[in-house]
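For the protein sequence lines, the chains are A and B, in the order given.
By the working numbering, the letter at position 83 of the first sequence is numbered 94, and the numbering carries on one by one without gaps.
By the working numbering, the letter at position 23 of the second sequence is numbered 34, and the numbering carries on one by one without gaps.
Among the hints, erroneous ones may be present.
[As the list claims (entries may be wrong)] Straight-line C-alpha distance at most 30 Å; calculated DSS-like pairs for lysine-lysine:
(1) A/K102 / B/K163
(2) B/K111 / A/K102
(3) B/K163 / A/K81
(4) B/K49 / A/K81
Keep in mind that the hints were calculated from the coordinates and are not lab data.
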Amino acid sequence: MRLIGFLMLLLPLLAQADWSAQDERRWRALNDELRCLVCQNQSIAESAAPLAEDLRAQTRQMIESGQSDKQIRQYMTARYGDFVLYRPPFKPTTWLLWVGPLLMLIFGAGLVWRMRRGVAQGAGRSAEQTHAEVERLLKDIDND
Amino acid sequence: MKRLVLAFPLLVLVVLIVALGRGLSLDPREVDSPLIGKPAPAFTLPLLSGDRLVNQDLFLGQVSLLNVWASWCVACRAEHGILNALSKQPDMHIYGLNYKDETIDAKRWLAERGNPYEATLRDYDGQVGIDWGVYGVPETFVVDKHGVIRAKRIGPLTWDYVNQELLPLLEQLKGEA
Numbered sequence: 012m013r014l015i016g017f018l019m020l021l022l023p024l025l026a027q028a029d030w031s032a033q034d035e036r037r038w039r040a041l042n043d044e045l046r047c048l049v050c051q052n053q054s055i056a057e058s059a060a061p062l063a064e065d066l067r068a069q070t071r072q073m074i075e076s077g078q079s080d081k082q083i084r085q086y087m088t089a090r091y092g093d094f095v096l097y098r099p100p101f102k103p104t105t106w107l108l109w110v111g112p113l114l115m116l117i118f119g120a121g122l123v124w125r126m127r128r129g130v131a132q133g134a135g136r137s138a139e140q141t142h143a144e145v146e147r148l149l150k151d152i153d154n155d
Numbered sequence: 012m013k014r015l016v017l018a019f020p021l022l023v024l025v026v027l028i029v030a031l032g033r034g035l036s037l038d039p040r041e042v043d044s045p046l047i048g049k050p051a052p053a054f055t056l057p058l059l060s061g062d063r064l065v066n067q068d069l070f071l072g073q074v075s076l077l078n079v080w081a082s083w084c085v086a087c088r089a090e091h092g093i094l095n096a097l098s099k100q101p102d103m104h105i106y107g108l109n110y111k112d113e114t115i116d117a118k119r120w121l122a123e124r125g126n127p128y129e130a131t132l133r134d135y136d137g138q139v140g141i142d143w144g145v146y147g148v149p150e151t152f153v154v155d156k157h158g159v160i161r162a163k164r165i166g167p168l169t170w171d172y173v174n175q176e177l178l179p180l181l182e183q184l185k186g187e188a
């Protein structure tokens with residue numbers, strides 16, 4: 012009787028046996044990347060919504076059954092759309108989202124470059140002008 | 012040229028105001044379902060009324076509505092009167108998907124508030140809800156004669172939505188071959 016009781020205590024360990032530390036890391040990383048659609052600014056790892064709980068169980072079960080991260084992401088987007096991914100895929104409707112910041116940077120750099128060049132030229136011109144002006148004044152003095 | 016450069020920040024500001032202003036008027040809760048235009052996800056579920064099992068073939072040959080509801084869902088109360096009224100219209104087939112609910116609570120709900128559903132499917136663990144991409148009960152799907160999902164309403168039905176979008180769509184789908 013005692014032996015049976017002891018074996019019963021070991022049962023949960025059996026269930027955990029094929030859940031490795033690596034599986035745990037994958038599971039956590041995936042949950043961090045999936046948006047909870049109930050509370051949209053939280054991932055399913057953070058959210059306490061019942062749906063997030065169900066989806067965490069779903070990703071865990073899919074990892075246990077040997078599915079890849081890609082397959083799990085596909086499973087989620089097939090049901091909830093790209094919106095469920097915090098890291099949206101690169102495609103025609105999202106390219107502006109991905110490339111936008113780089114474009115802004117290039118544009119800003121171009122603007123700064125132009126402005127600096129303008130200042131440099133402006134400064135040069137005014138120095139020459141000042142020079143000419145001074146010479147003209149000096150000549151006037153000489154003439155007097 | 013110089014004037015154009017000076018006007019540029021103003022131009023950027025105007026574009027930003029227009030874009031962000033539009034963003035304010037959009038509802039982030041309304042996420043387009045990727046299931047629209049696709050066959051209804053397969054399921055096998057018991058009916059609330061008994062232990063008969065039904066599957067997605069339920070929708071074939073008629074235009075149907077699948078309304079996702081639960082007795083714990085407060086917003087479902089708001090739309091229940093609309094569903095009751097709709098169910099009295101001819102050639103209207105409304106099915107219920109009772110989502111993550113207790114049978115006894117669901118039955119009491121229908122007894123108290125009226126039953127607009129031809130049949131209520133019981134999704135006790137919410138697995139079919141996940142397959143259908145349900146995230147905000149109540150939700151209502153429009154399924155055509157071929158069992159293809161054609162529209163999805165997230166949140167409670169309103170008379171505005173029913174009269175301006177739902178009923179015209181149902182008419183259009185009934186007219187399809």
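Within 30 Å, alpha carbon to alpha carbon, are B/K163 and A/K81?
27 Å, holds
Does the alpha-carbon distance linking B/K111 and A/K102 stay inside the 30 Å limit? 36 Å, violated
- Message: What's the verdict on B/K49 and A/K81, does the C-alpha distance respect the 30 Å limit or exceed it?
- Response: Given pair B/K49, A/K81 holds - Cα atoms ~21 Å apart, limit 30 Å.
Next on the checklist: Checking one constraint from the list: CA of A/K102 to CA of B/K163, max 30 Å. Satisfied?
Outcome noted: Status holds; Cα separation ~24 Å.
Figure legend: structure checked against the earlier numbered hints; the only hint not met is number 2.
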